[in-house]
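Order-wise, the sequence lines are chains P and H. Mapped onto the working numbering, the consecutive letters of the first sequence carry residue numbers 3 to 474. Mapped onto the working numbering, the consecutive letters of the second sequence carry residue numbers 3 to 474.
One or more of the hints may lead you astray.
No distinction is drawn between identical chains; accordingly, a pair holds when it is met within one copy or between any pair of copies.
To be verified - Simulated crosslink set (DSS-like; lysine-lysine; CA at most 27 Å straight-line): (1) K339 with K113; (2) K84 with K465; (3) K215 with K317; (4) K113 with K215; (5) K84 with K182; (6) K46 with K321; (7) K315 with K171; (8) K46 with K215; (9) K339 with K46; (10) K317 with K388; (11) K170 with K215.
FYI, nobody ran anything at the bench for these hints, they're computed from the structure. Every value quoted in this text rests on a predicted model; they were computed, and no experiment measured them.
2 protein chains.
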Amino acid sequence: MANNTPITVAYGDGIGPEIMDATLQIIQTAGARIEIERIEVGEKVYLRGINAGIEPGAWQSLRRTRVFLKAPITTPQGGGYKSLNVTTRTMFGLYANVRPCVSYYPFVDTKHPTMDVVIIRENEEDLYTGIEYRQTHEMVESLKLISRPGSEKIIRYAFEYARSHDRKKVTCFMKDNIMKLTDGLFHRVFNEISQEYPDITNETWIVDIGSAKLADTPEAFDVIVLPNLYGDILSDIAAQVAGSVGLAGSANIGVSCAMFEAIHGSAGLLLAAVMMLVHIDQPDVATQVHNAWLRTIEDGIHTYDIYVEGVSKEKVGTKEFAKAVIARLGQQPQVLKAVSYTTSPQHEEYKSVTSKQSLEQKDLVGVDVFLDWHNGNANELGESFKQVSGDGLELVVITNRGAKVWPEGLPETFCTDHWRCRFMAPERGTTIGHEQVIELLHRVNEAGFDFIKTENLYNFDGKASYSAVQGE
Amino acid sequence: MANNTPITVAYGDGIGPEIMDATLQIIQTAGARIEIERIEVGEKVYLRGINAGIEPGAWQSLRRTRVFLKAPITTPQGGGYKSLNVTTRTMFGLYANVRPCVSYYPFVDTKHPTMDVVIIRENEEDLYTGIEYRQTHEMVESLKLISRPGSEKIIRYAFEYARSHDRKKVTCFMKDNIMKLTDGLFHRVFNEISQEYPDITNETWIVDIGSAKLADTPEAFDVIVLPNLYGDILSDIAAQVAGSVGLAGSANIGVSCAMFEAIHGSAGLLLAAVMMLVHIDQPDVATQVHNAWLRTIEDGIHTYDIYVEGVSKEKVGTKEFAKAVIARLGQQPQVLKAVSYTTSPQHEEYKSVTSKQSLEQKDLVGVDVFLDWHNGNANELGESFKQVSGDGLELVVITNRGAKVWPEGLPETFCTDHWRCRFMAPERGTTIGHEQVIELLHRVNEAGFDFIKTENLYNFDGKASYSAVQGE
Chain P
3 MANNTPITVA YGDGIGPEIM DATLQIIQTA GARIEIERIE VGEKVYLRGI NAGIEPGAWQ
63 SLRRTRVFLK APITTPQGGG YKSLNVTTRT MFGLYANVRP CVSYYPFVDT KHPTMDVVII
123 RENEEDLYTG IEYRQTHEMV ESLKLISRPG SEKIIRYAFE YARSHDRKKV TCFMKDNIMK
183 LTDGLFHRVF NEISQEYPDI TNETWIVDIG SAKLADTPEA FDVIVLPNLY GDILSDIAAQ
243 VAGSVGLAGS ANIGVSCAMF EAIHGSAGLL LAAVMMLVHI DQPDVATQVH NAWLRTIEDG
303 IHTYDIYVEG VSKEKVGTKE FAKAVIARLG QQPQVLKAVS YTTSPQHEEY KSVTSKQSLE
363 QKDLVGVDVF LDWHNGNANE LGESFKQVSG DGLELVVITN RGAKVWPEGL PETFCTDHWR
423 CRFMAPERGT TIGHEQVIEL LHRVNEAGFD FIKTENLYNF DGKASYSAVQ GE
Chain H
3 MANNTPITVA YGDGIGPEIM DATLQIIQTA GARIEIERIE VGEKVYLRGI NAGIEPGAWQ
63 SLRRTRVFLK APITTPQGGG YKSLNVTTRT MFGLYANVRP CVSYYPFVDT KHPTMDVVII
123 RENEEDLYTG IEYRQTHEMV ESLKLISRPG SEKIIRYAFE YARSHDRKKV TCFMKDNIMK
183 LTDGLFHRVF NEISQEYPDI TNETWIVDIG SAKLADTPEA FDVIVLPNLY GDILSDIAAQ
243 VAGSVGLAGS ANIGVSCAMF EAIHGSAGLL LAAVMMLVHI DQPDVATQVH NAWLRTIEDG
303 IHTYDIYVEG VSKEKVGTKE FAKAVIARLG QQPQVLKAVS YTTSPQHEEY KSVTSKQSLE
363 QKDLVGVDVF LDWHNGNANE LGESFKQVSG DGLELVVITN RGAKVWPEGL PETFCTDHWR
423 CRFMAPERGT TIGHEQVIEL LHRVNEAGFD FIKTENLYNF DGKASYSAVQ GE
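Chain P with its partners taken away, still in its complex shape (with noise of 0.2 Å):
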């Protein structure tokens, strides 16, 4: 057992010790090189009251062997529990959830026969690091971030991905239409990253009309790497009209840590397995179980969750289905198409490509001031909110939900209690300085308004790197 790589098991709660159990045993006869710790986590330890649900000897354990095969797992309803799930993701920098989408027709019911499609969602920013803030009674706010770092390690993931998966085209989704400056991030990275990989193709959808693409024609699609809100979309949208959602599994993969579990459900653990014998570079271990599970699916011995009259042979539960693949190692699928892997992409430290970025000149040129205002009318909070300029810094526009309203708006327009009021130089573009934004904090404070956040506006190498304001 010298050459043995360890990872951490968690059997979890409900159906997942079963699960487990036929998963390793699968596994295991196939010759994987594994030495297993296993650990608990899941509802037992949150009913202890530990409310991450995972105990501090766990964490050391996972920190050891850098690979955990987690079994679906409970947590207790009433408040105060934390997701194992993000907390894992977060605290070990898993920054790519990769899923496979695959058809497996005509042993499993789809409207799309020839799906296979892989999403890489980029795990970490975006809309779900839990940033929001309730600030006037009307009006609630969230931040979306999206990284330079980020985006360049989740696209050169995808593309390493599609390297070593023998797989020909890396498809980006976004909506840099309205989102010039984030998803305009995100765009630019893939343009830049896809040039050093050009014996793959590269392509970009605007996020609506490729979600409307991908729903109707996912055969048109090979790999598909976006930000975290629309890969959150898109991949369910994948692994449903695939048909396969409870089949999948799924990978969330960093840089010192991976973690390899089932989407929805449970059936797709030992696909998550198959993942992880990639990841620990035993790809001739998977490919003999990934194929002798699809000889299975093919033979019509299914679980329940796939069973369909007419189409299966036989319906078994996860003892009988563990067996069925296991008399079948060594066999390769009739009529889908088999497997083959090699190797998986290498996960090193991340460089950034473009580090050239932090050479970039930054200068501070005016602050956007959020009030909480309901006295009045937009022109009559510009007219008397324009007395806190001075001091080299005047009151430019004011808008309501993005929507100029002074100087100049339109009657019709609607408002809310949040207006944003932006101040600049008297000559636009001049360079200010953080005491300015300070000065004038405090005179719009004195003069008994209610500022509710800031945001500094700055210049990069003279370039304005905040939005304009529309009917500016």
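Given the coordinates of chain P, assemble chain H onto it according to the supplied hints.
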């Protein structure tokens, strides 16, 4: 012509004038009681140097008629031109985008023959307010804004629409397991308003699973109401899987104005005009035109965009198609379901059903100060930054992309140059003053740290109204 309703009409660019002529000919032959004010928008106006693509006189026509029927326009290549749609939507408060997505099987090909879904998309807020900032070398931010009045207006509209169009169910999509404050508000308002419509079934779906369901089983839905971004993605999916994206019309409804147009391409203009006729309270004409159109589709008389060998009988141009529809005025479809319109929802001035909200007590209890910093690791930042604590505000926690990194962060957490530093009173929840925030910023600046933005933390009626930190 005394009781004619004035409407503003733009003939648009390219094929626009041809299909607008055909559309107006059909509805006027059917007896539409309208008086047309023709305005010029689009390419010619843009090229005349008017960046909004519409002249002041044309705005006046819209103000007068409050009804806008618009053919497709061309926006010239090159910078500086503003989207006429976005301007119209924002300036006139067109808060509801309404898109019927219907299958016309077997006359138009689709995998979902019985689909009949209406998507009602919030049109003014969410991530579409265009408020974005780049404040560090690595990070870009976009604001997602969800307001109570914005949510109330669109959700109420959806229920009124369902009632007036004899629909049985309204479904709400959101993601409040992640965006607890923003999507949580939308969900809560949906629950409140649905109580006023006991005759309409209501249900909610998390947007990822709901989207998968819509893509795979659209016949499970009736009316769907959702925030702007989800609506953008889902409405394109729904139109696509219905097979009728080129045939669909779209309405943008506000209190003071409404705009009707084709979704993609041009064939949908007639159905947009049908929606307009319902809106101006001529449901008799709308019913007659729509049924004649359905009969024409049934009879296999198809324009090039839906013509399919073997299904269609005759491929015709715009004029011939219009003639065919006119010849069928007064007829009903034989296979497809005939329509029968009554009146459209009422559009009263917005009155909050929940104005009690404004009585909540709002207390400032802290501030998140965001830094641009790249001189070391999280622990080094925390230990050196906590020196700015004082005057009743102390550094509580630092996060990077939402993950807690100080105190007691994990070394595996990947950090960008964008740090959120939370300050509160030593006794948490104690009310602080705006001047304390200003003094804090002063100390931050004196200590040589680059603060890039602030977000105040408030309690409403004693309840924390900002998101907690994961791992806190």
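Hints, verified against the model:
no., hint, verdict
1, K339 with K113, "both (18 Å within a copy, 25 Å between copies)"
2, K84 with K465, "between (42 Å within a copy, 20 Å between copies)"
3, K215 with K317, "between (35 Å within a copy, 26 Å between copies)"
4, K113 with K215, "both (14 Å within a copy, 14 Å between copies)"
5, K84 with K182, "between (34 Å within a copy, 14 Å between copies)"
6, K46 with K321, "within (25 Å within a copy, 71 Å between copies)"
7, K315 with K171, "neither (36 Å within a copy, 39 Å between copies)"
8, K46 with K215, "neither (44 Å within a copy, 33 Å between copies)"
9, K339 with K46, "neither (42 Å within a copy, 55 Å between copies)"
10, K317 with K388, "neither (74 Å within a copy, 63 Å between copies)"
11, K170 with K215, "within (19 Å within a copy, 29 Å between copies)"
Hint violations for this structure: numbers 7, 8, 9, 10, all remaining hints satisfied.
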